[in-house]
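Reconstruct the complex from the two isolated chains, following the hints.
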Amino acid sequence: MTDQPSNESRRDVGPEREAGGEPNPEGMSRRSFLRTSAVFGTGLAALAAGLAPLLDVKNFPSLQQFMQKYYKEMTPEEMAVVLKRIENEVERQYGIRPHVRDLKPMDGVEFVYCLNLTRCIGCRKCVHACVAENNQSRSPEIQYIRVLQMENGSLDMEKAVHDYDPAKVPEKGHFYMPVQCQQCKNPPCVKVCPVHATWQEPDGITVIDYDWCIGCRYCEAACPYWARRFNFAKPSIPKDRINPEMDYLSNRPRSQGVMEKCHFCLQRTRAGRYPACVEVCPTGTRKFGNILDPNSEVSYILKTKKVFIQLKEELGTSPRFFYYFDV
Amino acid sequence: MKDSTKTSIVMYALAVVFLVLAGAFLSRGWGQTPALQPIPLVDSEFLKTATVRTSYAELVSSKADLSDFDCYGCHEKGKPPILRFDEKHNLIVPEEHKDIVMGHGRNNRNNLCTNCHDENNLELFQTRDGRELKFSESTELCGSCHGPTYRDWAAGAHGRTSGYWNREMGPITRKDCVSCHNPHSPKFPGRQPAPPPHTLRPLNKPAHEGEREGEHEGEHEGKHD
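Quick note, the sequences are listed as chains A and B, same order. Be aware that the first sequence starts at 1, since it is given in the working numbering, and climbs by one per residue. Be aware that the second sequence starts at 1, since it is given in the working numbering, and climbs by one per residue.
For reference, chain B alone in the conformation it holds in the complex (with noise of 0.2 Å):
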């Protein structure tokens, strides 16, 4: 065979390829990525700024139905309530107020009703000083017994703040210890997790996964008292 023969053998079925080759990648043939499973979105549940809890003073500025706190709507005025506690000496807390979880204090021991309500009027908190306070001013109860964390709190340290870090361009709106922290039972509540991030990897479960299954039940002890 001619030399020049075997060449153009050779270009033919060169080019012949590349024709291929280059049909293949204008069809897009191959090389076509998987594509990714779209990622739902997130529920606007989580999205939201509203604390966990209301307090007395915003129940009163959105014009929320107030009869919770309308104590002699049952309670007889001049009449203290008398309180009832079982042989571990834990309150028992009567049909009327089945709603309140007692949790306040080391071992739940803060659980006389009249360490902060004044039995001679059930309207009132009482300090351990003397002091007499409205429902509205639960953040100076709150204060008489827990000094650091209201200071931390009065200076913005503690607590959620919203609205303007500059006071001189808007507001700044610092939330009562009660809209986040139930008084009878002030640890903060678990709550669920928004979802993880989606890798694009799979996911790398943590091999001690199962064993923690059963924990999540019980309140997270010693973080946030």
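Bound conformation, chain A alone (with noise of 0.2 Å):
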């Protein structure tokens, strides 16, 4: 719109000045002329002051990246091009050269997370363990893990205290109940995604695929159990506390505006190993493991503990991640 007048006031400009000051009878009035100049110089100034935000934007897409296919439909061929890619970007940005993989879900494998009520201290070893596996940003900070101080005989989450910071725990009259993702067999989380990015494996693990991710937040807010983080900003994560060993849908460098939760360390989980939370902590109190194997640990505590609650069961989500207690 504003095109249309410029073009016009450029034409002018010449004549006007040929005469000498003097209105141009075929042209234009000096006072219509300066008042075209001037709507059209507002416009401009009001388009550039639209666009301003994008001055803030640092990180613009590559255009590989820009026209990746969806997880799902990509070949292997594509995936090892997409993997190479974030490689490079993140030994560009962190100064670190990593190991990206793409791990499957293992055949015959369901992963359940069981948590002895009893044991836990609530150290939250288990809360900055879990940032450092999986390169989650510092300041501003994300955590996946919290770790709620319950009064005793109640399971009141209206009255847990999030942010208890006593010289020594556990506290007398408190029990912990660490609460992350519950991996749910049905996730409201994916129902409500409005682009796929989130979908359940076929081990049970719910995944994002973060080149996916519109940043939406209707996950956010349709996850019961406050499990699902956003990056409003970049994240920050010091060169000397990456973790190099990184998976596509899991702990590699998230960007601004996207979500991201527990994966169950998808990284290490699918390679055999236990989750980052599990080898950290202290008492013994996470559990996990691979609910098809009838020899499994979890088996055996799902077979034969008190197993107290799939945090708020009433919803039917049918969470993987199981509390109980040592009787």
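These are calculated hints, taken from the structure and not from any lab test. Treat the hints with care, as some may be off.
Claimed, not checked - Calculated cross-link-like contacts (lysine-lysine; reagent style DSS-like; alpha-carbon spacing at most 27 Å): (1) LYS187(B) - LYS172(A); (2) LYS239(A) - LYS63(B); (3) LYS104(A) - LYS185(A); (4) LYS168(A) - LYS134(B); (5) LYS63(B) - LYS134(B); (6) LYS168(A) - LYS98(B); (7) LYS134(B) - LYS172(A).
Source: prediction; values computed, not measured.
Written out as structure tokens, the structure is:
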């Protein structure tokens, strides 16, 4: 719209000057020229002001990333190209050459997590081991696990304290309930995603394709466990704290404006290892394994222990995360 | 005043307002979000996966100093040590063993050394059913009394497991009882928690925070026995 008057005004500048400032009978009067150029200038300035937020965008996606296909539609060859691109990008941004893989779910494996509420002392080591393993942003802070300090004799999470910080835990009269993604069998977060950027894998892990997520945060609102996190800013991770063992669907560095959440340390568990939170727990509170294997420790726990809750089981989400008590 | 003049004045005024606004936006004269306090990195101490103690078997495999386990460096062979108790029947821990804190069993009543140690050969354990066990087999000793816990441990449901959940892809490491529990005072010790989450909102300290201050010192009773 602003083009039209600009062309006219430019065309008319010449003759006006030639005429020594006198109004040109065939062209435009001085007044209408000034008015037109003021409108044009204002329009241009308003357009520039409207585009000003673009100045804040530092990492435009490369053409390759922009044209990337949906995760489930990529052939192994295309995925190899993408993994190479991610490795290059991480090396450019963080100065460390990572090893990015795309591990697939194993046959006959369905992951289940069991957490012993009798044992947890609320030391929060799992929270920080998770951050270190999964390359979460340190500042602003993104954590997948939130340890709730609960009153003895109650499961009222409204009264839970998130930021307890005494000299020593556990504190008298309390128990501790760590909450993270429950990897539901019937996940509400997957249902609400308008672009299918999050889905449930055959081994039970709900994953996110960070290159497909549009950051609408519907899943965050849908999750009853407050398990999903949004990258409001570009994640900041110090170079010496980067975990170079990465996977496409799990702990590769995220960009600004995408969701992330616990994925049972997919880059470890699909390679047969325990998640980082299990490895760091000083009390053996956390148990992880394959529910389809009758000899696994999670099968033993679900068979013999008082499995007290699936959190908010009345919602019908059917979590793969079980809280139990020693008796 | 003519209508066209009025229109021009309004137009010029609007143009000026828009130009000023545009200039302000471009130079970001306002609307700058206040910078958040940088969050300090967590102490790497909290990221360590080591258990709170080191078992005898782990000391042997790491070739650590084992002089603490050389009983007959001080004791005399064939001469069982004499135990002394105070009037409340609490064990008087001798000066040479003053690093041992006795706190085993309900009301710390499992305080007879020979309940576990063999008085005739101090470098062995004895179970109540008469078995003799080496220091490296302490898990069997614990299991001789703590049956259900031992059963859970053997199944991988009690205590820390590390390594591979998939036994075909790699080994699983199962920690001994004494990797976490002090055998003389087995209650799991309290520890300093890692820093709480840094929320964007001011911290909501619970109203009864002050009341709790004095209670940290005492051991947490009745939870981990």
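The hints, checked one at a time:
no.: 1; hint: LYS187(B) - LYS172(A); verdict: 14 Å, holds
no.: 2; hint: LYS239(A) - LYS63(B); verdict: 35 Å, violated
no.: 3; hint: LYS104(A) - LYS185(A); verdict: 19 Å, holds
no.: 4; hint: LYS168(A) - LYS134(B); verdict: 35 Å, violated
no.: 5; hint: LYS63(B) - LYS134(B); verdict: 17 Å, holds
no.: 6; hint: LYS168(A) - LYS98(B); verdict: 25 Å, holds
no.: 7; hint: LYS134(B) - LYS172(A); verdict: 37 Å, violated
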